[in-house]
Amino acid sequence: MLQGNYARISLCNIERTKQWVNGSVGCYYCDPELILGKDLYMPDFESLENQFDAANIILGPAEAQGLLCGLLCHSGGDMRARWISELLDGKAMQEFHDSLSELYAETSAGLQDQDFGFRPLLPDDERPMSERGRGLCDWCQGFLYGLGLSGKNMEKALSELGREGLKDLTEVTRLNIDTMEAGEENEQAILELAEFLRVAVLTIYGELTEQREQVQ
1 MLQGNYARIS
11 LCNIERTKQW
21 VNGSVGCYYC
31 DPELILGKDL
41 YMPDFESLEN
51 QFDAANIILG
61 PAEAQGLLCG
71 LLCHSGGDMR
81 ARWISELLDG
91 KAMQEFHDSL
101 SELYAETSAG
111 LQDQDFGFRP
121 LLPDDERPMS
131 ERGRGLCDWC
141 QGFLYGLGLS
151 GKNMEKALSE
161 LGREGLKDLT
171 EVTRLNIDTM
181 EAGEENEQAI
191 LELAEFLRVA
201 VLTIYGELTE
211 QREQVQ
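First residue of the sequence shown? That's 1 in this note's numbering, and the numbers climb one at a time after it.
Worth double-checking, as some hints may not be accurate.
[To be verified] In silico EDC-like cross-links for lysine to aspartate or glutamate, where the CA-CA straight-line distance does not exceed 16 Å:
1) 167 with 155
2) 156 with 207
3) 156 with 210
Calculated from the structure, these hints are not laboratory results.
Using the sequences and the accompanying hints, generate a full structural model.
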């Protein structure tokens, strides 16, 4: 069951504190309306999944976008070529490049959106619970890998809030999704984890972006 593992991840595991976003005060884990913005367009998950399968890409769409977000968090520059090379491993597929470029553009725009329109690319709500749970795990695995490519010590680079978010994203990758069953309780847990993921990534992105701007 998801519940036991999920209980280890608190959506409000840090005291209310001043956040990086617009200098506002509040807990984004408790007050989602503080960060809810207009959703940006995002490519269809199932369509991308089919393209990934046809191209024999090892990673799925969720893990691929997670990887991209990890790269964008620590770079601040154009990571399109680096990201695509990680996915395609030297394969030349122009049609697939176009789809990846679209996902790159929308993801990058979402992270930079002042209205917090970023949304993680995850399996649709109509998919089986186990697939949705796997999507969350895969997304976080990709993000952690992409962030790790920076070689930066995140314990020193991030605030307490950022470090706790990163720690909890790691916990998501350890969820036992094999026995996940449909049910109202697990449904709510999945939705909350998806929102938590979004908030944690925006927090980490904001902190690292602010650091780069201070150095420039």
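Against the structure, the hints:
1. 167 with 155: holds (10 Å)
2. 156 with 207: holds (12 Å)
3. 156 with 210: holds (14 Å)
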